[in-house]
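Chain by chain, the residues:
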Amino acid sequence: GDSVTQMEGPVTLSEEAFLTINCTYTATGYPSLFWYVQYPGEGLQLLLKATKADDKGSNKGFEATYRKETTSFHLEKGSVQVSDSAVYFCALSGRGYQKVTFGIGTKLQVIP
Amino acid sequence: NAGVTQTPKFQVLKTGQSMTLQCAQDMNHEYMSWYRQDPGMGLRLIHYSVGAGITDQGEVPNGYNVSRSTTEDFPLRLLSAAPSQTSVYFCASSEGRATNEKLFFGSGTQLSVL
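Those protein sequence lines, which keep their order, are chains A and B.
Quick note on my numbering: the first sequence kicks off at 1 and runs consecutively.
Quick note on my numbering: the second sequence kicks off at 113 and runs consecutively.
Wrong hints could be hidden among the right ones.
[Stated by the list, open to error] Listed next, the in silico DSSO-like pairs over lysine-lysine satisfying Cα-Cα at most 30 Å (straight line):
hint: 1; chain 1: B; residue 1: LYS121; chain 2: A; residue 2: LYS52
hint: 2; chain 1: A; residue 1: LYS56; chain 2: B; residue 2: LYS126
hint: 3; chain 1: B; residue 1: LYS121; chain 2: A; residue 2: LYS107
hint: 4; chain 1: A; residue 1: LYS68; chain 2: B; residue 2: LYS121
hint: 5; chain 1: B; residue 1: LYS214; chain 2: B; residue 2: LYS121
hint: 6; chain 1: A; residue 1: LYS77; chain 2: A; residue 2: LYS56
hint: 7; chain 1: B; residue 1: LYS126; chain 2: A; residue 2: LYS77
hint: 8; chain 1: A; residue 1: LYS60; chain 2: B; residue 2: LYS121
hint: 9; chain 1: B; residue 1: LYS121; chain 2: A; residue 2: LYS56
hint: 10; chain 1: B; residue 1: LYS214; chain 2: A; residue 2: LYS68
hint: 11; chain 1: B; residue 1: LYS126; chain 2: A; residue 2: LYS60
[To be verified] If the Cβ cut is set under 7 Å, some of the chain B residues that face chain A in the computed set are:
hint: 12; residue: GLY152
hint: 13; residue: GLY154
hint: 14; residue: LEU155
hint: 15; residue: ASN174
hint: 16; residue: TYR176
hint: 17; residue: ARG180
hint: 18; residue: PHE202
hint: 19; residue: GLY218
hint: 20; residue: GLY220
hint: 21; residue: SER224
No lab work stands behind these hints: they were computed from the structure.
Model, not experiment: these values are computed from the prediction.
Note that the Cβ used here is the ideal one computed from N, Cα and C, for glycine as well.
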């Protein structure tokens, strides 16, 4: 079945540091790929998505590129802020009816 | 714009008690779903619905019932709570069934079963 692999963390960075959170997936066909973010005490919200190979999703300075050849969708940001502290979930949807499969989530802590 | 509303935010139950977690959306979304979030396991799909009167099981449906009598509401019922059901529960919706559509999440219900 479908699966998503990402590190749990926490990842601790200083403000303005470069961020990479790795995400790899297993799925048949051509799934859509997502990054969701969960701020403390809140539900998840979509950060960015990509729907086909080589697509780049971007939002709020975050980027991720759909790499079919390496089955990856790594999240990057050039300069993190304290306000980026949250849990980040990689997810895929590929088998109809929105059966979204989530990774375990990576907690990011940004310190001033 | 309320979006997806979940109640209650917190709940403590004793083993064997029953309760209903409420979920309502005001966006006229066709698709609704329930997830549970556990440490080290991410989010796992419990049940989902693709429209009023239509529900189906997800990855971890045992111990939970759902119904969808209206487009707006999708309650999750625990018939006999067990400590293994201690978790954070999220309701989500999306406009359609396509795999590239984003999910809108409620703010969650934190449930403890003693």
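Taking the hints in turn, this is what the structure says about them:
Between LYS121/B and LYS52/A, the direct Cα distance comes to roughly 37 Å. Violation of the 30 Å bound is thereby established for this hinted pair. The straight-line distance between the Cα atoms of LYS56/A and LYS126/B is roughly 48 Å, outside the 30 Å bound, and the hint therefore fails. For the hint pairing LYS121/B with LYS107/A, the CA-to-CA distance comes to about 22 Å; that is within 30 Å, so the pair holds. Between LYS68/A and LYS121/B the alpha-carbon distance is near 40 Å, which puts this suggested pair outside the 30 Å criterion.
At roughly 23 Å between alpha-carbon atoms, LYS214/B and LYS121/B fall within 30 Å of each other, so this suggested pair holds. For the suggested pair LYS77/A and LYS56/A, the alpha carbons sit about 13 Å apart, so the restraint of at most 30 Å is met. Distance hint between LYS126/B and LYS77/A is unfulfilled; the C-alpha atoms sit about 45 Å from each other, more than 30 Å. This hinted pair checks out: LYS60/A and LYS121/B have alpha carbons roughly 29 Å apart, not beyond 30 Å.
A C-alpha spacing of about 36 Å is found between LYS121/B and LYS56/A, which places the hinted pair above 30 Å, so the restraint is violated. For the hint pairing LYS214/B with LYS68/A, the CA-to-CA distance comes to about 21 Å; that is within 30 Å, so the pair holds. Of the supplied pair hints, the one linking LYS126/B and LYS60/A is violated, its CA atoms being roughly 43 Å apart against a limit of 30 Å. The interface hint given for GLY152/B is met, as the beta carbon of that residue sits about 6 Å from the closest beta carbon of chain A, less than 7 Å.
At a threshold of 7 Å, the smallest CB-CB gap from GLY154/B to chain A is about 4 Å, leaving the interface hint in force. Because the smallest distance between the Cβ of LEU155/B and any Cβ of chain A comes to about 4 Å, under 7 Å, the interface hint for this residue holds. The beta carbon of ASN174/B comes no nearer than 18 Å to any beta carbon in chain A, farther than 7 Å, and the hint placing it at the interface is violated. Hint status for TYR176/B relative to chain A: violated, with the closest Cβ pair at about 16 Å, above 7 Å.
Residue-level restraint check for ARG180/B is violated (minimum Cβ-Cβ distance to chain A is 14 Å; threshold 7 Å). For PHE202/B, the shortest C-beta to C-beta distance to chain A is roughly 6 Å, which falls under 7 Å, so the interface hint holds. Residue-level restraint check for GLY218/B holds (minimum Cβ-Cβ distance to chain A is 5 Å; threshold 7 Å). Below 7 Å, beta-carbon pairs count as interface contacts, and GLY220/B has one with chain A at about 6 Å; its hint therefore holds.
Below 7 Å, beta-carbon pairs count as interface contacts, and SER224/B has none with chain A, the closest being about 16 Å; its hint is therefore violated.
The structure fails hints 1, 2, 4, 7, 9, 11, 15, 16, 17, 21 (numbered hints given earlier, in ascending order).
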